[in-house]
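> Be aware that the sequence shown starts at -15, since it is given in the working numbering, and climbs by one per residue.
Hints are computed from structural coordinates only; laboratory data are not their basis.
The reader is advised that the hints may include incorrect statements.
Calculated pairs, DSS-like style, for lysine-lysine (alpha carbon to alpha carbon, straight line, at most 27 Å) [what the hints assert, rightly or not]:
| id | residue 1 | residue 2 |
| --- | --- | --- |
| 1 | 73 | 192 |
| 2 | 61 | 104 |
| 3 | 118 | 104 |
| 4 | 92 | 61 |
| 5 | 192 | 92 |
| 6 | 236 | 86 |
| 7 | 61 | 86 |
| 8 | 236 | 92 |
| 9 | 236 | 61 |
| 10 | 118 | 192 |
| 11 | 73 | 86 |
| 12 | 73 | 92 |
| 13 | 92 | 104 |
| 14 | 61 | 73 |
| 15 | 267 | 192 |
| 16 | 255 | 267 |
| 17 | 86 | 104 |
| 18 | 255 | 92 |
| 19 | 73 | 236 |
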Amino acid sequence: MAQVAEELWFDQYGPAAYPPELYQYRGVAEGIEGFAAFTDEHVAFFREHGYLVIHHAFTQDEVQAALNGLLDLIDGKVPGFRGVQFEAKARELLPTLSPEQKQDVVRKLQGYVDYEPRLKAIAEHAELLRILTKLIGERPALFANQAMLKPPLIGREKPWHQDHAFFDLPLGTQIVGVWIALDEATPENGCMHIIPGSHREGPVVHFKRRDWQICDTWVATDRIIAVPLEPGGCLFFDGLLHHGTPASRSPKRRRALQLHYIPASVGRIPKEERLAIFGPEGKDVEC
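When you get a sec, could you build the whole thing from the sequences and use the hints?
Following this line, the structure appears as structure tokens:
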């Protein structure tokens, strides 16, 4: 059943200019080959640097199955699913687009795991959960699931931020994000950019500017590294790690799954408690 027009969900932020130095990276993240290469040494690396890259973690068959699942959700083939968010620029274009073109104006999908078995299989992948158990220190629970699609040429920037700032979870919770490339992700089409070690600097106040974000002038631009990935590669990252993605300047798609896991034993906190830390629009400081 296709979504009707009044139910469509559009990005509240449009494309906006930003200082180019915000994504001028000083290096490229290295990683390990496949889930089987993971050892306790990599747990220590994650604790210190706040991230871990695993190349070719998922097979091409698994990647294609995930893509097929996303396309079915975008095309309205799954009854009841309403978690597709379109780019702001798509509002006028959408009625004129074919199903093939439609995917290139989608910004993200949210809350798909309970609707799409091929995507649920990725989230419950045995090797993925084995590594998450090591990184979290106890049984992991899936907290959030999104697909981040940066459409060719129009995919907007996701400014620098900390994911914990968006989650109603106690400060100190070990949140692990997993970003899985379904296309080749490059600096040109908006791959992840991170600041290693920034997770150890604690929570940062966020402001509503081009998104809910860390102030541009607070970004440690001298420490930025890019995380290019081939399809099936993944980035594990701490919930307090500073990260962002530049706007796409490429005609190539950049589709990715993003999953967040927390300790199964952790409870929730009121939104007000979270915002008292991260600030709904700054907090005793200016941007």
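> All the hints need checking, so say for each whether the structure fits it.
Cross-check of the supplied hints:
Simply put, residue 73 and residue 192 have alpha-carbon atoms about 20 Å apart, close enough for the 27 Å limit, and the pair holds. A distance of roughly 17 Å separates the Cα atoms of residue 61 and residue 104; the hinted pair therefore holds under the 27 Å criterion. With a C-alpha separation of about 21 Å, the suggested pairing of residue 118 with residue 104 holds against the 27 Å cut-off. Distance restraint check for residue 92 and residue 61: the Cα-Cα separation of roughly 17 Å lies within the 27 Å cut-off, and the hinted pair is therefore satisfied.
Between residue 192 and residue 92 the alpha-carbon distance is near 19 Å, which keeps this suggested pair within the 27 Å criterion. Restraint check: the Cα-Cα separation between residue 236 and residue 86 comes to about 15 Å, which is no more than 27 Å; the hinted pair holds. Under the criterion of a C-alpha separation no larger than 27 Å, the hint pairing residue 61 with residue 86 is consistent with the structure, at around 14 Å. The suggested pairing of residue 236 with residue 92 holds, with an alpha-carbon distance near 16 Å, which does not exceed 27 Å.
Restraint check for residue 236 and residue 61: the C-alpha separation of about 25 Å stays at or below 27 Å, so the hint holds. Proposed proximity of residue 118 and residue 192 is contradicted: the alpha carbons are some 35 Å apart, above 27 Å. Note on residue 73 and residue 86: the hinted pairing holds, with a Cα-Cα distance of about 12 Å set against a maximum of 27 Å. For the suggested pair residue 73 and residue 92, the alpha carbons sit about 14 Å apart, so the restraint of at most 27 Å is met.
For the proposed pair residue 92 and residue 104, the alpha carbon gap of about 17 Å is at most 27 Å, so the pair holds. Restraint check: the Cα-Cα separation between residue 61 and residue 73 comes to about 24 Å, which is no more than 27 Å; the hinted pair holds. For the hint linking residue 267 to residue 192, the alpha-carbon distance of about 12 Å falls within 27 Å, and the restraint holds. Between residue 255 and residue 267 the alpha-carbon distance is near 15 Å, which keeps this suggested pair within the 27 Å criterion.
Distance hint between residue 86 and residue 104 is fulfilled; the C-alpha atoms sit about 23 Å from each other, no more than 27 Å. For the suggested pair residue 255 and residue 92, the alpha carbons sit about 23 Å apart, so the restraint of at most 27 Å is met. Distance check on the hinted pair: residue 73 and residue 236 sit about 18 Å apart at the alpha-carbon level, within 27 Å; holds.
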